[in-house]
Amino acid sequence: RLAIIDLAGGDQPISDEGGRYWVMQNGEIYNFPELMVELESLGHTFRTRSDTEVVVHAFEEWGERCLDRLNGEFALVVFDRLTRRAFLARDRFGVRPLFVADLGGDLVFASEAKAVLRHPRAERRLDPFALVETFTLWAVQPDRSAFPGVRELPAGHYMWVGEAGPETPVCWWDIRFGPRDGARVAPPEELQEELLQLLDDATRIRLRADVPVGVYLSGGLDSSATTALARRHSRGVLEAFSVSFEDKRFDESPYQRRMAAELGVNLRSIAVSDADVARAFPAVVRHAEKPMLRTAPGPLLLLSRFVRDSGFKVVLTGEGSDELLGGYNIFQEAMVRRFWARDPGSSLRPRLLGKLYPYLSRDLQQGGGFMAEFFKAGMLDLDDPLYSHRPRFRTTARNLRFLGADVLAGAGEVGDPETRLIDRLPAEFPTMGPLGQAQYLEIATFLTGFLLHSQGDRMLMANSVEGRFPFLDPNVAEFAAALPERLRLRDVHEKYLLRKSLAGVVPAEVAERPKRPYRAPILRAFFGPGAPEYVGALLEPGRVASTGLFNAPHVEKLAKKAARYAEVGLSESDEMGLVGVLSTMLLDDALVRHPVLAPAAVPTRLVDRGAVVLGEGVSAS
1 RLAIIDLAGG DQPISDEGGR YWVMQNGEIY NFPELMVELE SLGHTFRTRS DTEVVVHAFE
61 EWGERCLDRL NGEFALVVFD RLTRRAFLAR DRFGVRPLFV ADLGGDLVFA SEAKAVLRHP
121 RAERRLDPFA LVETFTLWAV QPDRSAFPGV RELPAGHYMW VGEAGPETPV CWWDIRFGPR
181 DGARVAPPEE LQEELLQLLD DATRIRLRAD VPVGVYLSGG LDSSATTALA RRHSRGVLEA
241 FSVSFEDKRF DESPYQRRMA AELGVNLRSI AVSDADVARA FPAVVRHAEK PMLRTAPGPL
301 LLLSRFVRDS GFKVVLTGEG SDELLGGYNI FQEAMVRRFW ARDPGSSLRP RLLGKLYPYL
361 SRDLQQGGGF MAEFFKAGML DLDDPLYSHR PRFRTTARNL RFLGADVLAG AGEVGDPETR
421 LIDRLPAEFP TMGPLGQAQY LEIATFLTGF LLHSQGDRML MANSVEGRFP FLDPNVAEFA
481 AALPERLRLR DVHEKYLLRK SLAGVVPAEV AERPKRPYRA PILRAFFGPG APEYVGALLE
541 PGRVASTGLF NAPHVEKLAK KAARYAEVGL SESDEMGLVG VLSTMLLDDA LVRHPVLAPA
601 AVPTRLVDRG AVVLGEGVSA S
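Each step along the sequence shown adds one to the number in the working numbering, with nothing skipped, and position 375 is 375.
By construction, these hints were calculated from the structure, which means they are not laboratory data.
Keep in mind the model is a prediction, meaning the values are calculated, not measured.
The beta carbon of each residue, even a glycine, is placed where N, CA and C say it ideally should be.
The reader is advised that the hints may include incorrect statements.
Derived CB-CB ranges, DEER-like [what the hints assert, rightly or not]:
hint, residue 1, residue 2, range
1, Gly504, Arg564, 49 to 59 Å
2, Arg257, Glu17, 50 to 60 Å
3, Leu408, Gly165, 30 to 40 Å
4, Ala377, Gly433, 17 to 27 Å
5, Lys557, Gln12, 47 to 57 Å
Please construct the entire structure, taking both the sequences and the accompanying hints into account.
Printed below as a string of structure tokens:
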């Protein structure tokens, strides 16, 4: 337990007054004081000030619909002693992980796949489909994991488990972009004020803790907004934490210092070198338990360690703003391609893409050439559910050439990642509008599958630090999703309403500065000065071939190319392929070939309090 609320009285599991319902929870319920007052008025008696005890009484009162009332990030299990059934649930955006496996009659659940893999019947190998999914969609999707037979309960879902085994997961919440039936469309000025008030409330309740709370400050709009709002509600000097990079292409420390000075917060920063990113990467993969195509989680693992060593257990961060309020280039790109599709022969319309991506080849900015043809592919297929993301998926899928024939064949037996993604889309998806569809896809594939998982919670909790995300507050999310498209994205001006809302809250320089995506070094990290020895050892042709996971000759060519061009870099696709290969090999090495946790000889009881057995499974170290 990471004790943050009611340090002395919040031990788990905890039961209701009569001992029928028992609950275990990973996460926080931010509106627990209000729920506690409501439940006491309904006759419930509390023994602690713990938010977890609020969950058990809420379940006793409202059953599975209690989830609608919980404002927080959580993975929880409620055991009903009377019916001998268990109720498993996960928060709206899947911030807190919940792995589940049905292993020969034993239902095993845990916050980490490592714990599940200790079961003697767990299959300790990498799932071929998970690799193909990563090398296509950028991440293992939330209904699976990197290991066969082990799955994550999807975000916003619950599941019942009885003596007959687990039932089909049920979606209890999902984001729905588009206007609400019968809702009044308020003037933009009113919407600006309402958004700011919702964000202020979301930030205020996320500062509730019995331990010190800090903030992450990257220097961009979202973290600056979170910092500014947190400063309003902080009793003392607010502590902000940031990363600076040796490579100036990634460094935003001047903006961080300026923002900290403007707001009067104390900024604590760590400097991360290229080699630091590579040295941290094995630990990143071990904690993420997934292959990945980016090194960006590495600096955040180092930052959370710094936060912990500074005496903090909780930080607020700005994740979710871009996805909900229209902040990514992929949204603008999709709208430009749709605009271009109305006049496919135009030489002027593709120049808008050149404004989005000025670092791309000159021929795009001039309206012709290879890059223009790349974005033009599939441009007229306006009814394609994956329209906005096809260029990304097409680029990423080039890296499938690095996977071995057996992996591709094994994945093919499951299906095609893009087809499976389409099959999972909700019935309301066609009504969400072009921008809403793009935002939904980004949330469903990348936010939940990577940003909140591999780059978020797993890097924070590796050092016993909890992340809290005001932009993912359900009231903020549902308000943002109902906004007219023109207030999320106006022409090519991203996060339009948010920028208007924050006028006077953050400096104009920050409010008006174009978004700069958070990235971390790749090629110079693995092949530059000070690169760790494990890189060369993993990419040795015999070692690559021994895994049976890769097309060894193709990987060898990539490794030689990377070594040759370490100073100038490779294409984005090749660099992602390199990270994908290295992360897969590190994962295979850490959790398959040489696992740190040896398999348990027999399942052990997770909890046994007298006659109450909460669940059967394996203990996690």
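With respect to the beta-carbon atoms only, verify the hint that Ala377 and Gly433 lie 17 to 27 Å apart. Given about 23 Å between the Cβ atoms, the range holds.
Look at the Cβ atoms of Arg257 and Glu17 and judge whether their distance stays inside 50 to 60 Å. Given a distance of about 53 Å, which is inside 50 to 60 Å, the answer is holds.
Is 47 to 57 Å right for how far apart the beta carbons of Lys557 and Gln12 are? holds (52 Å)
How does the Cβ-Cβ distance of Gly504 and Arg564 compare with 49 to 59 Å: does it lie in that range? Since Gly504 and Arg564 have Cβ atoms about 51 Å apart, the given range 49 to 59 Å holds.
Range agreement (Cβ of Gly165 with Cβ of Leu408, hint 30 to 40 Å): holds (32 Å)
When each numbered hint is compared with the structure, no violation occurs for any of them.
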